[in-house]
Amino acid sequence: MKVVLAAIVASLASAGVAMAQGQRPVDWGQPSARNDSASSTEIAPPLTGAEMQGIRVAVQQCWNVGSLSSDELLVSVTVGLSLGTDGRPDTSSIRMLDHSGGTDAAARKAYETARRAIIRCGANGYNLPIEKYEQWREIEMTFNPERMRIK
Amino acid sequence: MKRLIAFTLGVCVLGFGLSQAIAQSPGPLRIEITEGVIEPLPFAAPIFIAENAGAEQMAAQLTQVVAADLVNTGLFREIPAGAFISTVTNFSSPVQYSDWKAINAQALITGAVNVAPDGRVTVKFRLFDVFSEDQLGDGLQFAGTTQSWRRMAHKVADAVYSRITGEGAYFDSRVVFVSETGPKNARRKRLAIMDYDGANVQFLTDSSAIVLAPRFSPTGDRVLYTSYETGFPKIFVMDVANVGKRSLGADAGTMTFAPRFSPDGQTVVYSLTQGGNTDLYRMSISGGSEQRLTSNPSIETAPSFSPDGSQIVFESDRSGTQQIYVMPANGGEARRISNGQGRYGTPVWSPRGDLIAFTKQNKGRFHIGVMRTDGSEERLLTASFLDEGPTWSPNGRVIMFTRESQGANGAPALYSVDITGRNLRRVPTNGAASDPAWSPLQ
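Protein sequence lines correspond, in order, to chains A and B.
With our numbering, the residue at position 108 of the first sequence is 108, and numbering never jumps.
With our numbering, the residue at position 386 of the second sequence is 386, and numbering never jumps.
For the record, the hints were derived by calculation from the structure and aren't laboratory data.
Please note that a few of the clues may not be correct.
The following label-pair restraints were derived from C-beta to C-beta distances [stated by the list, open to error]:
| id | chain 1 | residue 1 | chain 2 | residue 2 | range |
| --- | --- | --- | --- | --- | --- |
| 1 | A | T91 | B | P80 | 20 to 30 Å |
| 2 | A | Q61 | B | N200 | 35 to 45 Å |
| 3 | A | G80 | B | Q64 | 19 to 29 Å |
| 4 | B | T87 | A | A105 | 32 to 42 Å |
| 5 | B | D221 | A | A123 | 26 to 36 Å |
| 6 | B | R426 | A | A123 | 34 to 44 Å |
| 7 | B | F203 | A | T91 | 49 to 59 Å |
Ideal Cβ placement from N, Cα and C applies to all residues, glycine included.
Based on the sequences and whatever the hints tell you, model everything.
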């Protein structure tokens, strides 16, 4: 029996470590948020559709693809960033995570345009609920210009 | 014992539940952005620092040309100096990003000009991404003479344009065209050359003979054109630097016209009319025998090489109406690529190789358009009483063409349009102008 109990304790201990390091990306709508500002055991509700749309629209307003070349308009870039509790992007955290559909050089230009959009429209902080901070402190934005291409 | 087992199972269930919660713990929030805006990018270009007294006027003029180049693309908007919070008094001073952010300048161009006593001019510049608080690329420096200050300005603007847009440069280029004077029924035509923006016009011929359709060599040092100085259309090649010229080939009794260089500059493809029939031929620029490329009872003209030199696009009325065809550069079977309604002519292969620009006439209107090299994805960029004769900018992003206004006093003028169909602009020329041909980058 001691063996059984020891295994259970070990399982819980390892679960505790995993909790501290859990970083699996979640898709929008998955009900699994925690609230950092409150007790670590509380689960915050996910962002609502309107809250998600809010940040999407805010970034879109600054994503100016007018100066992108036709090659760059073929590139989809995914940008990772951290937001402070005031909703402002930490500019040093902004980085290109991935790109598809074009050359590295075109991806670099596309990334610069995306980065500019994130910083410009986040200068005063994105309007996001602080009680859900853990849901949005890390964001991955994929900028897909497919609809913006020259037709 | 049963209690202990139940307790153990309970703990196991709890552990499993926790594991599930862990598996769903929040990682990065994922958002896809699919809609953006298309608007000119606001930039600030404070007058470049004059590093000595003799450089003040040139610094101001040079900054003005840099800004004009960028604004004329339609992709940039200059923030007027009156809105500036910061002043730039030293080229090496740190940038006060907050001041430029406050006026929404997304790009900042700073520069300095030095004019040495011997007339040597040095221009250096830096480009900053204001909101990222980064310098975009290294600073660059150009050297020239007081006579070449506009070229240096174009080079600065080219570097800025390429760094921000990722497109190739095109400001430091020239355009050869036909300058026209006199009444509509008795026009006098001269070959002229100018900077891409209409500055520095020089005439290459007098108006004693009608001249048509000039075309640059791939190195920009020679021009092919058609002249009537013998009474019949005949092809000439001119050295731009010294305006020396010579005729190319053609036997007596033939007419040659619509010449164009191959991408390696060694071959000329053109139309030759003999016995009332017009076909395409090619010959070496240094002379020698002609190679016949087509043999049809129809009119075959307006040939243009693909950038790799392997194919030729041209217009032909072999189907009964003017259409666009593509064939191997040494002749052979041609395939029709224009399939819409109306007539298609003057096809020109893009320097990028991906598009063909053309003139289209349909329902009484003329258009400049582009299509893929297989004829798909046709897009009309303009519409007017008479638009014709497209030519590509060296980077394949802009098309210049002739637009003729309607009526007894109608006259041709040069226009440019972005391949998106936006930013239609008249190119400034002193008087009527037609038949533009864009040079490669200098």
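Exercise. Of the hints given before, which are not true for this structure?
Worked result: Checked against the structure, the hints that fail are numbers 3, 5, while the rest are satisfied.
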